[in-house]
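Chains as they are written, first to last, in this note's numbering: chain A, 1 to 115; chain B, 1001 to 1113.
Check before you lean on any hint, since a few could be wrong.
[Said to hold, decoys possible] In silico DSS-like cross-links for lysine-lysine, where the CA-CA straight-line distance does not exceed 30 angstroms:
#  : chain 1 : residue 1 : chain 2 : residue 2
1  : B       : K1108     : A       : K38
2  : A       : K40       : B       : K1001
3  : B       : K1112     : A       : K41
4  : A       : K22       : A       : K38
5  : A       : K38       : B       : K1042
6  : B       : K1042     : A       : K40
7  : B       : K1042     : A       : K22
8  : A       : K18       : B       : K1042
9  : B       : K1112     : B       : K1001
10 : B       : K1068     : A       : K40
11 : A       : K18       : A       : K40
12 : A       : K53       : B       : K1001
13 : B       : K1068     : A       : K9
14 : A       : K41       : B       : K1001
15 : B       : K1108     : A       : K18
16 : A       : K9        : B       : K1042
17 : A       : K38       : B       : K1112
18 : A       : K19       : B       : K1042
19 : A       : K41       : B       : K1042
[As the list claims (entries may be wrong)] Some residues of chain A that are not near chain B, with every Cβ distance over 12 angstroms (derived):
#  : residue
20 : K22
21 : S55
22 : L73
23 : S94
24 : S110
Hint data in this document are derived by calculation from the structure and do not stem from the laboratory.
Note that the Cβ used here is the ideal one computed from N, Cα and C, for glycine as well.
Listed here are the chains, written in short residue letters.
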Amino acid sequence: DTEVTQTPKHLVMGMTNKKSLKCEQHMGHRAMYWYKQKAKKPPELMFVYSYEKLSINESVPSRFSPECPNSSLLNLHLHALQPEDSALYLCASSPQSRESGNTIYFGEGSWLTVV
Amino acid sequence: KQEVTQIPAALSVPEGENLVLNCSFTDSAIYNLQWFRQDPGKGLTSLLLIQSSQREQTSGRLNASLDKSSGRSTLYIAASQPGDSATYLCAATHMDSNYQLIWGAGTKLIIKP
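Next comes chain A alone, as it looks inside the complex (with noise of 0.2 angstroms):
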């Protein structure tokens, strides 16, 4: 099973609004990882958690908040947006593992619209 599983698939959001993307996978994957996606374009890295530990955050607004409760959960809280934060937000897991070549896999995303 090579899955992360990502939730919701779409959601729409009021700048006031608080909201949280779910994303779960059940590979015994140490890293998990959040990226955002604009439209054309090649994802860009957010958030990386190594053993649970948040390990890098690439200078993201603190209106982004991540959270891993577990090895196989990690979740990203959303509170204030802006409009231009609208884009596909990416989960991905990887086994940490040099050995295995470390193969990032990635869910199907969350599209966010910020209103």
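Keeping the supplied structure of chain A fixed, place chain B upon it in accordance with the hints.
Just chain B now, with coordinates in the frame of chain A:
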């Protein structure tokens, strides 16, 4: 600073043809290089990963090669089908980082029936 380039940005070929997608990178100190496929409005699907010690990887009709000395990787698709239509992205991981993928901008491939 690593830069990854994919040329052309778009490619249209008739069904049944064999084709090659190109990916070039400026820093040969890569740990691995991955090829992904993305269908419109969807997430990314990992196609092939080539580790720095490898020269090529194969999966079905796909073959990816890696030449670190020339800073190039190619994705060869044999006997193309309309279902192969998608955007193909390559991404390199640097030796110093297990997490940071440096992405190409992608090649949008259209296979005409």
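Evaluation of the provided hints:
1. K1108/B with K38/A: holds (15 angstroms)
2. K40/A with K1001/B: holds (23 angstroms)
3. K1112/B with K41/A: holds (24 angstroms)
4. K22/A with K38/A: holds (19 angstroms)
5. K38/A with K1042/B: Given that 30 angstroms is the threshold and the Cα spacing comes to 12 angstroms, the pair holds.
6. K1042/B with K40/A: holds (12 angstroms)
7. K1042/B with K22/A: holds (16 angstroms)
8. K18/A with K1042/B: Holds - the C-alpha atoms of K1042/B and K18/A are around 24 angstroms apart, at most 30 angstroms.
9. K1112/B with K1001/B: Given that 30 angstroms is the threshold and the Cα spacing comes to 38 angstroms, the pair is violated.
10. K1068/B with K40/A: holds (27 angstroms)
11. K18/A with K40/A: Holds. K18/A to K40/A sits at ~27 angstroms (cutoff 30 angstroms).
12. K53/A with K1001/B: Given that 30 angstroms is the threshold and the Cα spacing comes to 27 angstroms, the pair holds.
13. K1068/B with K9/A: violated (38 angstroms)
14. K41/A with K1001/B: holds (19 angstroms)
15. K1108/B with K18/A: Violated: K1108/B and K18/A sit about 36 angstroms apart, past 30 angstroms.
16. K9/A with K1042/B: holds (10 angstroms)
17. K38/A with K1112/B: holds (27 angstroms)
18. K19/A with K1042/B: holds (21 angstroms)
19. K41/A with K1042/B: holds (13 angstroms)
20. K22: holds (15 angstroms)
21. S55: Given that some Cβ of chain B is not farther than 12 angstroms from that of S55/A, nearest at about 7 angstroms, it is violated.
22. L73: holds (18 angstroms)
23. S94: violated (8 angstroms)
24. S110: Label violated. Min Cβ-Cβ 10 angstroms, cutoff 12 angstroms.
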